[in-house]
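The listed protein sequences correspond, in order, to chains A and B. For the first sequence, position 41 (counting from the first letter as 1) is numbered 41 according to the working numbering, and the numbering increases by one without interruption. For the second sequence, position 96 (counting from the first letter as 1) is numbered 96 according to the working numbering, and the numbering increases by one without interruption.
Honestly, the hints are just simulated from the structure, not real lab data. What you were told as hints is all true, and nothing was included just to trick you.
The list that follows gives simulated cross-link-like pairs (lysine-lysine, PhoX-like), each with its CA atoms no further than 20 Å apart:
1) A:K28 <-> A:K2
2) A:K267 <-> A:K12
3) B:K106 <-> B:K61
4) B:K112 <-> A:K204
5) B:K121 <-> B:K184
6) B:K184 <-> A:K101
7) A:K103 <-> B:K176
8) B:K112 <-> B:K143
9) A:K86 <-> A:K101
10) B:K28 <-> B:K10
11) A:K86 <-> A:K103
12) A:K125 <-> A:K86
13) A:K267 <-> A:K28
14) B:K121 <-> B:K188
15) A:K101 <-> B:K176
16) B:K188 <-> A:K101
17) B:K11 <-> B:K28
18) A:K204 <-> A:K241
19) A:K175 <-> A:K142
20) B:K106 <-> B:K121
21) B:K106 <-> B:K184
22) A:K103 <-> B:K188
23) B:K184 <-> A:K103
24) B:K173 <-> A:K12
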Amino acid sequence: MKLGYYPGCSLKGGSREYKESVVAVCRKFDIHLVEVPDWNCCGATAAHNMNKELSLALPARILAQAESAGLDEIVVPCAACYNRLKVTQHEMAHQPELAEKVKAILGMEYKGSTSILNIIQLIEKYILPNLDDHYYRPFNYKAACYYGCLLVRPHSILQFDRAEDPQTMDEAIRKIGGTPVDWEFKVECCGAGMSVSRTDLVAKLTGKVVENALYRKAEVIIVACPMCHSNLDMRRPDVNKYLGVETTIPVLYITQAIGLAVGIDEKTLGLQRHFVPVHLPERNEIVDMPAELVTTQGKEE
Amino acid sequence: MSSVQHQVQKKGSLMEEILDSREISVQKCYQCGKCSAGCPVAEDMDYPPSVIMRMVQTEDKAMEEAALRSMTIWLCVTCETCAARCPMEIDIPGVMDYLRQRSYEKGMANPKANHIISFHKAFLDSIDYTGRLYELGLIVDYKMRSFQLQQDVDLAPGMIARGKLGFFPELIKGRKNMTDIFRKTLHKKGGLK
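Make the full structure from the sequences, and use the hints.
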C-alpha cells in the first residue's frame with residue numbers, strides 16, 4: 001500500500017537513523033512511503049516563538065503540497081512536525097478569520113483534509129495487526145517508553161492517547177515481547193529546542209528523565225521524537241555531568257525496537273549512529289542503577 | 001431579573017489584545033498555581049507562569065512591561081504541561097507565544113534571552129533561504145550571532161563519523177514561495193500584532 005510521508009528536516013540530518021528505521025520497517029510491512037513533494041520545514045519551535053502567522057503558514061504549505069499530490073493520509077514520524085501540522089490544521093479549521101489570513105499569506109490552495117498520523121498511529125494501524133507475519137525474535141528488554149510533550153499535548157487538539165499516562169507505545173513494546181516499565185517521567189519535557197541555546201537547562205531536564213528511567217530499572221529508553229533522542233543521546237555527556245554519574249542506558253527509536261523484533265539488521269536500522277553505544281544486555285540480565293543515583297532518588301521518595 | 005449593563009471601555013491592555021487576536025481569556029485564571037507546579041522550568045524563571053498570568057490580569061502598564069521584559073517568556077519550552085493541567089483550560093503556552101512576539105517586536109526582550117533569540121533567528125533564516133533546515137548552517141550562523149564560537153565543537157567529529165552532519169543544504173524548488181511567506185509574516189514592516 002501507498003502512504004504519504006513527511007520526513008521533516010531532522011530525519012534528513014541529525015536523526016537519519018530514525019528515517020532509516022522508519023523506511024526499513026515500512027518496507028518490511030509492504031508500506032510504500034511517498035514523500036510530500038517539495039516539502040519545507042514546519043518552522044518548529046522557532047516559528048511559533050517569533051511569529052504566529054509564520055508558524056501556521058509553514059505547516060499549511062506542507063499540507064497544501066500533500067493535497068496537491070493527492071496524498072489523503074500522511075505519516076509524520078517527527079513528533080515536533082506532527083504537532084505543528086496537527087495544530088495548524090486544527091486552528092485553520094476552527095478559526096475561519098485566521099485561516100483566511102494564512103491562506104492569503106500562503107498563496108496556495110488549502111483544504112485541510114489530509115489525515116495526519118504520528119508514528120505510533122502508523123504502528124497501531126498498519127504494523128501491529130500484521131506483526132505475526134514478520135515476527136522474528138522478542139525485544140526482550142525492560143523499556144522506559146518516553147513520549148515527551150509533543151506526541152500527547154495539547155490533548156484537546158491531538159486527541160491521541162492520554163495526556164498524563166499514555167499507553168500506546170507501551171502496548172507496542174509489549175506486543176514485540178518487551179516489558180514496559182511503569183515510570184514517572186514518560187511525558188516530562190526534555191528541553192527540546194533549548195538544546196543549543198541553553199544546554200544547561202536541557203542537561204537538567206533530560207537528566208531527570210534518564211535518572212527516573214534507571215530508577216525504575218529500565219534497560220533501554222524508547223522514543224518517537226528526534227529532539228528527545230538527540231537530548232537523551234547526543235547530549236548524554238552534559239546529562240552525565242549534571243547527574244554526576246556515567247549513565248550508559250541506550251536510547252532507541254520505537255521503529256528501531258520493532259525493526260529488531262522483525263529481524264531487520266542493526267546497521268539497516270542505524271543503531272551504529274547513536275552516540276550512546278547500543279549494547280543491549282543478554283536476555284534477562286537487568287542493569288542495576290548506579291549506586292549514587294539510588295541514594296538521591298531514595299531521598300526524594 | 002435585571003442585567004447590569006457595563007460600559008465596556010477598551011483599555012488597550014495585553015489581556016484585551018490576547019483575547020482579541022488569539023481568543024485566549026487570561027481573565028479566566030483564578031490563580032490555582034497548577035501551571036507553576038507542573039512547569040519543568042519554573043525554578044529557572046524569574047516569575048512562574050501563574051504570576052505572569054496575574055501580571056497580565058492587572059492590566060497595569062508597569063506589570064505588563066515587567067511581563068514583557070521577563071525571562072520567563074523565553075524560557076518557556078512550550079511543553080504544554082500547564083495547558084494540560086489548567087482547570088480553566090486556558091492556553092497558557094499561547095499566552096507565552098503572544099508575549100514573546102510582542103516583547104520581541106517592542107524591543108523589550110530580556111538581554112539574557114539573547115542566545116535563545118539568536119538561535120530562533122538563525123533557525124528561521126535557514127528556512128527562509130533554503131526551505132529546509134540546514135543544521136550545519138544553523139550552527140555556524142548561531143555561533144556568529146551569539147559569539148558562542150567554541151560551543152559544541154567537540155560534537156562535530158562524532159556527528160561527521162555517524163553521518164549526521166550534511167555539508168550541503170537541501171534547496172527546495174518553492175523557495176520564492178517561502179520568501180513570500182516570510183515577507184508577509186516575520187519580515188513584515190511594522191511587525192504583527
